[in-house]
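*Asks:* Here are the chains, one letter per residue:
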Amino acid sequence: MPVVMDADRMGRTLARIAHEILERNRGAEDLALVGIRTRGVPLARRLARILQEINHQEVPTGALDITLYRDDLMRHAVGAQPVVRRTEIPFSIDDKRILLVDDVLYTGRTIRAALDALIEFGRPRSIQLVVLVDRGHRELPIKADYVGKNLPTSLSEVVQVRLMEIDGRDEVEIQG
Amino acid sequence: MKKDLLGIAELSREEIYSILDTAEAMREIGQRPIKKVPTLRGKTIVNLFYEPSTRTRTSFEIAEKRLSADTLNIAVATSSVVKGETLADTAMNIEAMAPDMIVLRHGSSGACHLLARICRSRIINAGDGMHEHPTQALLDAFTIRQHKQRVEGVKVAIIGDLLHSRVLRSNVLLLTKLGADVWLSGPPTLVPPGIERLGVRVSSSVDEAVADADVIMMLRIQQERMQGAFFPSLREYFHVFGMTAERVKRARPDVIIMHPGPLNRGVEIASDVADGPFSVILEQVANGVAVRMAVLYLLAGGAEVD
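Going down the list, the protein sequences come from chains A and B. Letter by letter, the first sequence follows residues 1 to 176 of our numbering. Letter by letter, the second sequence follows residues 1 to 306 of our numbering.
Don't take each hint at face value.
With a straight-line cut-off of 16 angstroms between C-alpha atoms, the simulated EDC-like cross-links for lysine to aspartate or glutamate are [what the hints assert, rightly or not]:
id	chain 1	residue 1	chain 2	residue 2
1	B	Lys-148	B	Asp-254
2	B	Lys-35	A	Asp-116
3	B	Lys-36	A	Glu-120
4	B	Lys-35	A	Glu-88
5	B	Lys-35	A	Glu-120
6	B	Lys-43	A	Asp-71
7	B	Lys-249	B	Glu-196
8	B	Lys-43	A	Asp-72
9	B	Lys-3	B	Asp-100
10	B	Lys-148	B	Glu-24
11	B	Lys-177	B	Glu-15
12	B	Lys-177	B	Glu-196
13	B	Lys-36	A	Asp-116
Taking beta-carbon pairs under 10 angstroms as the criterion, some of the chain A residues facing chain B (in silico) [what the hints assert, rightly or not]:
id	residue
14	Tyr-69
15	Pro-82
16	Thr-87
17	Arg-125
18	Ser-126
Simulated restraints on C-beta separations [stated by the list, open to error]:
id	chain 1	residue 1	chain 2	residue 2	range
19	A	Arg-169	B	Asp-254	37 to 43 angstroms
20	B	Ala-286	A	Ser-156	46 to 52 angstroms
21	B	Ser-68	A	Arg-24	33 to 39 angstroms
22	A	Arg-86	B	Val-240	40 to 46 angstroms
23	B	Asp-254	A	Pro-2	51 to 57 angstroms
24	A	Glu-20	B	Glu-28	53 to 59 angstroms
25	A	Pro-82	B	Ala-286	44 to 50 angstroms
26	A	Arg-45	B	Asp-89	28 to 34 angstroms
27	A	Val-158	B	Gly-42	44 to 50 angstroms
28	B	Ala-98	A	Ile-142	32 to 38 angstroms
FYI, nobody ran anything at the bench for these hints, they're computed from the structure. Glycine residues also receive a C-beta, built at the ideal position from the N, C-alpha and C atoms.
Only chain A is shown next, with the shape it has when bound in the complex (with noise of 0.2 angstroms):
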């Protein structure tokens, strides 16, 4: 199955990203990172090491669980529920710049749900929204600010993320 992306490649794609962010947003003032879980939270972590070793300032992030707030829950009769983790934003996000962050942007449901999510904690000046991949196939108009690679598929392929931090290596892998 072919891999699409590398370490190599997938570091200078989130230096690049966070160039992009910078410039968008002239310097990092007010920017904070939220990291979607599972992948999006390393990813986010990255992010902000990176923006803070160009603009030497340090942006806050946190960690955001969207299962109890999927369109999918309660909908199928067997099967256990989806696992729940722990939501953690441990800063303000009142008038903050959010960039959201996520590994695969597909159908866009899960930027909903996630969007619901960080609304309750607060009213951000803006939410950005990071993707590593997007993948297309969007069921509703949710648009990514900033892509690592746009990656055309097909619905039955599968767009693999792998990090270091959680799988032990980092890259993109289409299966299927």
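Using the hints provided, position chain B relative to the given structure of chain A.
*Replies:* The following block gives chain B in isolation, referenced to the frame of chain A:
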């Protein structure tokens, strides 16, 4: 999860850990400015309480509201039960209005099992007679894990009225399933015969049970369930079995003192212990909401096919 939560007896280790882990996530919701998630929107939950309760009923209701369920409370004193309706008839009438879950507290052991057989709604046991009180044991385990980082291998001394206590039964089942070292102590008249078979140690000496304990769990003297004289007087009970600051010193220096409430101050526990630095009694109450949210969430999904 199965269709209903009837008792700890029906839960596996994995299910217990899944509830405790989910409760960790639920706890954070209670610390947000907006303490509410949309998860159980459109679900109706009936809290049917045949016995007085402040803590448990309030805790369930807050948990239900934080998950956006529609809730209603039926207190038996104001219901048709006073006109002589049976539990099964009351339940079938509630069931006809299509709730999704019924939280039941009842004075008879096995009442929840009865409802689970005749109702399509999910049944959650909020205490049935002298049988079980599963969500209390779950919140106790959650509190122990929060302080001791684990339940396995922790020495827990449970002291008081062991005979009438559904909290005891649920806790013994849960703590032994998770591998805790459980010691019980209480007046011989209030020790259920054969309780050792559940894998616990029984001592007539509180001091022995409490020695080097990580957790001391006090049980309430349930005078409302006592017909007959189980001990000479409340004063004497306090003298022999009450938890005093002096007794607490025999436990580990980082011991936590628990009590399911309501407290009988000066009977099973001294006020300075209940309000003292080792007491986690109010943390138990706070954790109760998170644990009940976890149970409601996990039960609301698809049931396993038996």
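*Asks:* All the hints need checking, so say for each whether the structure fits it.
*Replies:* Hint check:
1. In summary, the hint linking Lys-148/B to Asp-254/B is supported, as the alpha carbons are separated by about 9 angstroms, within the 16 angstroms threshold.
2. A threshold of 16 angstroms between alpha carbons decides the hint, and for Lys-35/B with Asp-116/A the separation of about 14 angstroms falls inside it, so the pair holds.
3. The hinted pair formed by Lys-36/B and Glu-120/A meets the criterion: a straight-line CA distance of about 8 angstroms does not exceed 16 angstroms.
4. Distance hint between Lys-35/B and Glu-88/A is fulfilled; the C-alpha atoms sit about 14 angstroms from each other, no more than 16 angstroms.
5. Of the pairs offered as hints, the one joining Lys-35/B and Glu-120/A holds, with about 9 angstroms between alpha carbons and a cut-off of 16 angstroms not exceeded.
6. This hinted pair checks out: Lys-43/B and Asp-71/A have alpha carbons roughly 14 angstroms apart, not beyond 16 angstroms.
7. Between the alpha carbons of Lys-249/B and Glu-196/B the distance comes to roughly 26 angstroms, so the proposed pair goes past 16 angstroms and is violated.
8. Taken as a hint, the Lys-43/B and Asp-72/A pair is honoured in the structure, with Cα atoms around 15 angstroms apart against an allowance of 16 angstroms.
9. Between Lys-3/B and Asp-100/B the CA atoms are separated by roughly 11 angstroms; this keeps the pair inside 16 angstroms, and the hint holds.
10. As the CA atoms of Lys-148/B and Glu-24/B are separated by approximately 15 angstroms, the hinted pair is consistent with the 16 angstroms bound.
11. For a cut-off of 16 angstroms, the pair hint linking Lys-177/B to Glu-15/B stands: about 11 angstroms separates their Cα positions.
12. Proposed proximity of Lys-177/B and Glu-196/B is supported: the alpha carbons are some 14 angstroms apart, at most 16 angstroms.
13. Proximity of Lys-36/B to Asp-116/A is assessed by CA-CA distance (about 12 angstroms); at most 16 angstroms being required, the pair is judged to hold.
14. About 6 angstroms separates the beta-carbon of Tyr-69/A from the nearest beta-carbon of chain B, less than 10 angstroms, and the hint is met.
15. Because the smallest distance between the Cβ of Pro-82/A and any Cβ of chain B comes to about 8 angstroms, under 10 angstroms, the interface hint for this residue holds.
16. Hint on Thr-87/A holds. Least Cβ distance to chain B is approximately 6 angstroms, under the 10 angstroms limit.
17. Nearest Cβ of chain B to the Cβ of Arg-125/A: about 17 angstroms, over the 10 angstroms cut. The hint is violated.
18. Taken as an interface hint, Ser-126/A does not check out: its beta carbon lies about 20 angstroms from the nearest beta carbon of chain B, beyond 10 angstroms.
19. Checked against the given bound of 37 to 43 angstroms, the beta carbons of Arg-169/A and Asp-254/B, roughly 41 angstroms apart, stay inside it.
20. In this structure, Ala-286/B and Ser-156/A meet the distance hint of 46 to 52 angstroms, their C-beta atoms being roughly 48 angstroms apart.
21. A C-beta distance of roughly 36 angstroms is found between Ser-68/B and Arg-24/A, which places it inside the suggested range of 33 to 39 angstroms.
22. For the hinted restraint 40 to 46 angstroms between Arg-86/A and Val-240/B, the CB-CB distance of approximately 44 angstroms keeps it satisfied.
23. Restraint check, Asp-254/B to Pro-2/A: a C-beta distance of roughly 55 angstroms satisfies the suggested window 51 to 57 angstroms.
24. Hint check: Glu-20/A to Glu-28/B, Cβ distance near 32 angstroms, so the stated range 53 to 59 angstroms is violated.
25. About 25 angstroms separates the C-beta atoms of Pro-82/A and Ala-286/B, a value inconsistent with the hinted range of 44 to 50 angstroms.
26. Between Arg-45/A and Asp-89/B, the C-beta spacing of about 58 angstroms breaks the proposed range 28 to 34 angstroms.
27. Judged by the Cβ atoms, the range 44 to 50 angstroms given for Val-158/A and Gly-42/B is violated: they are separated by roughly 32 angstroms.
28. About 35 angstroms separates the C-beta atoms of Ala-98/B and Ile-142/A, a value consistent with the hinted range of 32 to 38 angstroms.
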